[in-house]
Amino acid sequence: MRNITVEGRSALARGAAILGTGGGGDPHVGRLLAAQAMKSRGTIEVTSVEDVPDPLPAYRSA
Amino acid sequence: MRIGIDVGGTNTDAVLMDGSTVLAAHKYATSDDVTSGIVHALESLQSQRKFAPADVQAVMIGTTHFINALIEARRLTPTAALRLGLPATASLPPMVDWPEHLVTAISGRAYLAHGGHEFDGRHIAELDEGELRRHASDMAHHGIGSVAISSVFSPVNDEFEVRAAEIISDELGQDVAISLSHEIGRMGLLERENATIINAALRELADHIVDGLSASITGQGISAPLFLSQNDGTLMDVDYARRYPVVTFASGPTNSMRGAAVLSGLENCAVVDVGGTSSDVGVLTHGLPREATTEVNVAGIRTNFRMPDVLSIGIGGGSLVLENGNVTVGPRSVGYRLIDEAMVFGGSTLTATDIAVAAGRAVIGEPSEVERLDPQLVKGALERIATDVADAVERMRTSPEPLPVVAVGGGSILLPDELIGIGEVHRPENFAVANAIGAAIAQVGGEVDRVYAIAPGQRDQVVDEARQEAMDRAVAAGADPTSVQIVDFDEVPIPYLPGNATRVRCKAIGDLRLEA
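One line per chain: the protein sequences are C and B, in this order.
If you use our numbering, the first sequence corresponds to residues 10 to 71, in order.
If you use our numbering, the second sequence corresponds to residues 1241 to 1756, in order.
Bear in mind the hints are in silico, worked out from the structure with no lab data behind them.
Treat each hint with caution, since some may be false.
[Stated by the list, open to error] Here are the computed lysine to any residue pairs in the SDA-like style, where the Cα-Cα straight-line distance is at most 25 angstroms:
id	chain 1	residue 1	chain 2	residue 2
1	C	48	B	1350
2	C	48	B	1329
3	C	48	B	1327
4	C	48	B	1460
5	B	1267	B	1460
6	C	48	B	1276
7	B	1267	B	1291
8	C	48	B	1667
9	C	48	B	1332
10	C	48	B	1337
11	B	1267	B	1293
12	C	48	B	1345
13	C	48	B	1341
14	B	1290	B	1458
15	B	1267	B	1667
16	B	1290	B	1276
17	B	1267	B	1585
18	C	48	B	1336
19	C	48	B	1293
20	C	48	B	1539
21	C	48	B	1540
22	C	48	B	1352
23	C	48	B	1541
24	C	48	B	1290
25	C	48	B	1333
26	C	48	B	1349
27	C	48	C	63
28	C	48	B	1291
29	C	48	B	1585
30	C	48	B	1326
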């Protein structure tokens, strides 16, 4: 298990841009949105898909 | 005769010119207050070449006061950012991406209100006058001195920004300056809004600076009109400068490049301006600086107003030269303290200027102070400088065509006569004051940037109209009608707008009309 904090937002955006292989354009606005969400809701916990309990819906991106 | 003055962070340069002939030139450390540096420059020109103040036809000043105020976060007005876009855009309020210390420096307050347009001109929501008046009274309560208004898609339709400005002015009175985003930035809400907020925060300083500059000119008995240099190298009158201080931000590099073009006679070239702390590399095409096509980052804030494409590297005359294994030059610099700290001036810090003197490229201060420097160190530092500058020029180059290099600025003595892989370095006469010359020879521009609905078969007529309007605007701004020509024309169809809408951008430039 890992956490993504506000400090990691730029790395997160860059990673998203690479996974998106250019689709969706500059991740600048996405980075700002993520940073805003993290400021109000705290850090993001990264969980592997297998660890998500069954009844919860899981979304995949990229 | 005309006088060009460039007030940089380190030096103030001034020239007295008759046509394209430089009659007198002056270079001196920039003073902390606005007026004394200008007065000193004018007196110095006067002592080199006597002139009657009445013979001066125009004074052009390029200044870094405004961009430096932002970078240093000093003397900024408490500013409100009002955005019209609710219920959209609330997830990213104004100044969301600003460095914290700058928000504090402008006592920035963000307000969201209903309004804004969709990309095709439909309203997102109607303006709510009561809401705007409530925001205005909160602004008054918090001592706001300047307001930036940005409405979603205001470049498509400015009606909400204009109406909101009337309402806010009505509540806050005429003393509170208002900046509207459609007059300052381009498409792209956050970047346009940022540029507008910066402009708003500089409005009080702009009044102060313009008053100071005007007073120092008239104090010398000069009654000629005063102009300020803009980002694109054209001139604006002082009333315009009071309202749009943000368009002076890149006038320093632009003036250097324009000066370099005139001095070298080259229309297409790279210009390397080596100052005290950094070197700016730009590219001239047809004598005008190439513009940046992407967002421009200013003091950590993303903006999108028109700026020349400039690459800055941390090498200048005051750069520290260090040796630990290999030789490094910059980015740390003694800056304006060069005349105290450099070895040739009796100091104890090894700077790039000391290296240039030791290599015999220039005679500055006391050359004997650097006679005993290790020749290997001198050679290593010169190679470092040449390689870094050559890399920067290479990065700015967009075609395999040979690109002549023109070196200007006081620090250009650091550069070799030839850059590896690039070619000869041109060093025109008066290279040290190229920026002041660029200010003095600046022209006057007029621009049209508007969405036209073009009926079938009417394109040529619309194009002619736009060209004529741009030329008329240049003449209205003070250009000599016989010299005005179109330098830039661009039309972009906007397929999602009804009625064959086309965005037409057209720019005309002409020589300043001088009263004899």
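Subject >> Ascending list of hint numbers which this structure does not respect >> reply: 4, 6, 8, 19, 24, 27, 28, 29
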